[in-house]
Structure formats: C-alpha cells, structure tokens
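Here the structure of chain L is known, so what remains is to put chain Z with the ligands in place on it, guided by the hints.
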Amino acid sequence: MKKPVIIKLSRVKKYFPLDGVTVKALNDISLEIHQQELISIIGPSGSGKSTLMNLIGCLDKPTKGRLIINNKAAENMNTDELARLRNKDIGFVFQSFNLLPRLTALDNVELPLIYAGVDRKRRKNIAREKLTAVGLTDRLHHFPNQLSGGQQQRVAIARALVNNPKIILADEPTGNLDSKSGDEIVKILQDLHRKGKTIIVVSHDPDFAKISQRIIKLKDGKIIN
Amino acid sequence: MEFSETVRLALGSLKSNKLRSFLTMLGIIIGVASVILLVSIGSGLKQYITQQFEELGSNLIMVMPGKIQFSDEGGREGGPPGVATNKLTLRIANKIQQESEYVKTALPIVTKSLVAKYGNNSHPTGIIASTEQYTVVRSSEVSEGRDITKAEVASAKRVTIIGPTLKEKLFADSNPVGKKISLADQKYTIIGVFKEKGATMGQDMDDMAFISITAASKQFNIEKLNYIYVESTSADDTVKTATEVKKILLKEMDEEDFTIMDSKDLLSSISSILSVLTIALGGIAGISLLVGGIGIMNIMLVSVTERTKEIGLRKAVGARETDISSQFLIEAVVLSLAGGLIGIILGFIGSLILGHFLKTAVTLWSVLLAFGVSAAVGILFGFAPAAKAAKLDPIEALHYE
Ligand SMILES: Nc1ncnc2c1ncn2[C@@H]1O[C@H](COP(=O)(O)OP(=O)(O)OP(=O)(O)O)[C@@H](O)[C@H]1O
Ligand SMILES: [Mg+2]
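Respectively, the protein sequence lines represent chains L and Z. Just so you know, our numbering puts 85 at position 85 of the first sequence, and the rest follows in order with no gaps. Add 225 to a position in the second sequence, counting from 1, and you land on the number used in our numbering.
These are computed hints drawn from the structure, not numbers from a lab. Watch out, some of these pointers could steer you wrong.
[To be verified] Pairs of lysine-lysine residues, derived as BS3-like cross-links and limited to a Cα-Cα distance of at most 25 Å, are as follows: (1) LYS240/Z - LYS61/L; (2) LYS219/L - LYS8/L; (3) LYS61/L - LYS616/Z; (4) LYS121/L - LYS240/Z; (5) LYS124/L - LYS240/Z; (6) LYS613/Z - LYS61/L; (7) LYS88/L - LYS534/Z; (8) LYS124/L - LYS2/L.
These numbers were taken from a predicted model, which means no experiment stands behind them.
Extracted from the complex, chain L is given alone in its bound form (with noise of 0.2 Å):
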C-alpha cells in the first residue's frame, strides 16, 4: 500500500532572466512524492536538478504552476513562512558542507534550533544526539576546518536532522569526497530511510541509485521517464 502524498508539484516552470533571454530550468514538471521514498534525481548538467531540489527545499519560489510541501502551498508563502517551513519540515544536505567556519560541530547542529526558538540546554542536547547518531560523538567541539570532508558532511547531516523534519535533500552529497567517505554517507541515509525520512537525492553515485525506489531523470528541465 502506498503512502500518502508528502510532496506535490503540478506543472512547475521556473525561469531565470539573463542577459535579456529567459533560460528555462524547469519546463512543466509535475511530481507526486510519497512519504518515506527514497528517491534520486539524475540528469546532465544544466539539466535542472539543483533548480528542482531548491524548489522543494523552498529556498526558491516556482515562476508558475503548484508546489505542495508536508501539505502546505508553498508557492503562496510569504518569505517568513518559507523560512519557517524550511526550519521544521525540510533538512538541507549540500554539496559543500556549508558550515560555518567560525562555530565548533555542535555550534553549528544547534542552529537550525536557534531558529526554532529551542532553549539553550535542549539545544546542546539535541545537538549532542544527532551528532552521536552520525558517529561525531568524540569530535563535537571540533571547528570544520579540524575535520575530514566525510566528517564535515556527517556534521551537515546531524544539522539536518536536528528539527526532526520530514524531508531530508540531498543535492550530491558525496560530490566532494573519496568513496570510502561517501560509503558512509550513503549508509547513514539509507538508514534514516528505514527510520522513516522521506528523502531525494541528487546523485550518479551507482550506490543511491541501488537503494533507492525510484529514479527520476531530468534533461533541459524536463521529466523524461
């Protein structure tokens, strides 16, 4: 039986003005995603995965057609309800990392909870878990540039996890590291799969495309399977 609807697009376009010509990253894409998927996104590049994956994350608004996160119209928010459904209901994984130099691994979990108006001591709580979870139990007080790229990207997905959403993106999280590095992560998101994440991951590496249930294939910011 499957589950119910988690994430809906219905004929989403979005396109970018340059130089005076409009490039069309997304051209009427239409998406049902159920809870508890693991979905990967795959295409060439330029063919719109990050685009699509900065919708569904709500960093971005579509130019038209409908966007439905965790049952909420997303393409109607206003700039504080984007910030706060990006706060609960998604976590964010990048291929960069994107921590913040100057705060130590657990400083930087803890922020997404600052956000969320959690109190300081449920805050490093929390922050402790999730970064347990992912096996940084001995590196919290770490600063990134004191980590390995695998480790920093562990520290990414701690953060992701700490509001306990729903959703977990991932925009090719195992772009910038070796394979032995990137064979954890993989493991580590199957495994929030199985606890009930639903999760889309933009990636080649062969090993999303074998756990997960569904491969979605983008070219000139269309679907093409």
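The following block gives chain Z with the ligands in isolation, referenced to the frame of chain L:
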C-alpha cells in the same frame, strides 16, 4: 528567535573578530570622549566664572572711570578707562554713599603696584586702598591680628593688613603682626593678615597689602580712584541703584565719563556666551561621533558582504529576515554602545587629568547625550547593512564565493 539569543549571536561574531571590532569602535570612542571632554571644559569654565562672580556678590555694582560703550556689534568703543579721563574721587564716592537710599556702601578703591620690603626681603606686590568697610564688603576675613578701625582710616594712620602670599614672601613662618614694612619707602605697621582667598580670574588675591584710602592719598598722593564698589541694599534693587548712582555722577560731572557695571548683567551675558561656546565645542566633537557612525556602517557593510555565505546558510536552515536583520543591527548597536561606554570612561579620565590644570566639570547631560547619540548612531548606521543582509536571496548567498 529570542532577543537574548540574538544578542549572544552578535557578541559571538564581534568577539571572533576582536581587532576589527575595536577599530570599528575607535571612531565612536574618540567622538564620545571628545564630546565629554570638551563639554566638561566648557562647563568647567562657566562654573568657574559664575563662582567668581558670586564671590563678588550679586548686589554689587562697579563704577569705573572712563566711558566703555558696548556697541551692538559687541566691540568696545572709546578709549580705555584711563587715568586721563578719570574723574572718580573720594568725594564722589562719599556723595554716592550719602545721597542714595538704595546704596548700602560705596567703597572707593585705589590700587597701585609697588615693592614691599622687610629687612633684606623684598617682593613686588600691589596695595589696595579703601575704607574700613572693605573687609566686610569684599568678605575678606582677617585671620591674624585685627582689622583696621574707622579712626585709623580717618587719621590716615600708617597701618596695613597684608595678604598671606606677601606674608610668606617677607616673613616666611614668623609672625608679622606689629612689624614695620616699607611700601615703596613708606613705613607701615602690620596690624593683621588676611585669610587665604586663592586666585580670582587668574590673579593671586593674597599677594597684596591693604592700607586706608586716606593714607594712600596722603603718602602716595593718589587722588583718583581706580573704581568704586557700590553695594545696594538688596540684590533686587541693583537696577534702581545703578540708575541713582548714574544720576548722582552726572550731577558731579558735565559728561558721562564713567561706566557702571552690574555684576548680574555681566554674569548673565558672559554665561550665555559660555553656553554657546560649550554647545559649539560639543557640536564640533559631535561631528566626530557622526564620522564614527559612518565608520561603523562602512565596516558593517563590508561584514555583510564577507558573511554572505553565512547569511545564506542561516536562511537555508530557517532564519527569518528579522532574525538576520536584528543580528546585524544588534552588532552595530553593541559596537557603538561599547564604544560609547569606553568613550565616556576615557572622557571622564581625560577631564580628571585636565582638572589638574584648569577647571573641568563632567556634566550628566553630556554623558547622557553622548550615550544616547552613540546608541542612535548604532541603530541609524546599522540599519542599512542589516536591511541589506536580510534581503539577500538565500540561493545566491549560498553560492557566493
Ligand atoms: N540564478 C540563475 N540565473 C540564471 N540561470 C540559472 C540560475 N540558476 C540556474 N540557472 C540555469 O538553470 C539551468 C539549470 O541549472 P541547475 O543548477 O539546476 O542544473 P543542475 O542540473 O543542477 O546541473 P549540475 O549537474 O551541473 O549541478 C542551467 O542552465 C543554469 O545555467
Ligand atoms: Mg546542481
């Protein structure tokens, strides 16, 4: 996000860049310190002069020889109150004393510079000659010996009361009462020593010898008075007194060859000039505060650009626009308030040090103003960078290198 959390965040990022934070504050520090310091000099000067005038007495009127005109432009016309046009005599002083009901005392004053000698010690000093009422009107107390009597004034007796500075120069620690000193070769017996008065308007009031006005005219052939102090019966009647004195003087002289100055008038015009001066000094220093504020804005704008990626990430994990803008605004306010506080402390210390050389007075209003202005500067100049940060597009910010 809670306010305390925002403050913690702002403090954290300021701490992580201590040198820059300090340099950013420097403009405000200098601005605030100079406002406090310059205003303290201005108010110190005003207090000092007001105090000096109050010592003169608020019901005092001074009659000076010669005509000094205060024209509209504030310049002085006519000759200086010179000896040539001096028509003030002891007789006129007595007339003023007798003919007006508003006059309590008309004190004739003669001054002269000369050399005082005792044994082998000599010291250039000045004499002040007047009547036995001098000590009362000028509130000069005699601390050793006694005051001069009416009889001694009437008989032009060769007695003198000396100031403590002159006493020290000629007698060091020994008791001078009863000793004879020579004032420009005229022998005078010391009957008393004045209590210490300190300096008034930069002049040592204790370096003098007092003799009777009659002795001065007899032994030094002085006929003309340097000025007449008129004490009116009450401080409220100084204007009426001045009018009366003028009438009496005009009867005695064929033209207005004198100047009447009321200490209240003089004080109020001087103090208003000093207020303007104080405000002007404060205003000039205030400009440096403004420059300091622009410095903060400048650095904050650079900081926003530098931290574009950080802002993008914060937005991506759920920071609202107000969270971002308040973080930067509070950073600016913390910078300017901390700068203001340090500036106030430095200005205070500066005015204490300067207080050894001239009178300074740190006023509460200047401290409050400096603090308020630096807070306002922080908000005002922190606003543009904060708004810029808040409006950044999260994706563009994340991709900023
Ligand atoms: N802000 C923008 N302004 C203009 N054009 C843009 C912008 N962002 C994306 N594009 C264009 O949209 C298209 C899709 O870009 P996108 O980043 O989604 O590709 P991608 O599939 O993620 O590629 P890659 O595999 O290289 O990461 C590209 O042609 C890109 O140039
Ligand atoms: Mg991409």
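Going down the list of hints, with the structure as the test:
no. : hint                : verdict
1   : LYS240/Z - LYS61/L  : violated, 36 Å
2   : LYS219/L - LYS8/L   : holds, 20 Å
3   : LYS61/L - LYS616/Z  : holds, 15 Å
4   : LYS121/L - LYS240/Z : holds, 22 Å
5   : LYS124/L - LYS240/Z : holds, 21 Å
6   : LYS613/Z - LYS61/L  : holds, 20 Å
7   : LYS88/L - LYS534/Z  : holds, 21 Å
8   : LYS124/L - LYS2/L   : violated, 37 Å
Violated hints for the displayed structure, listed by number in ascending order: 1, 8.
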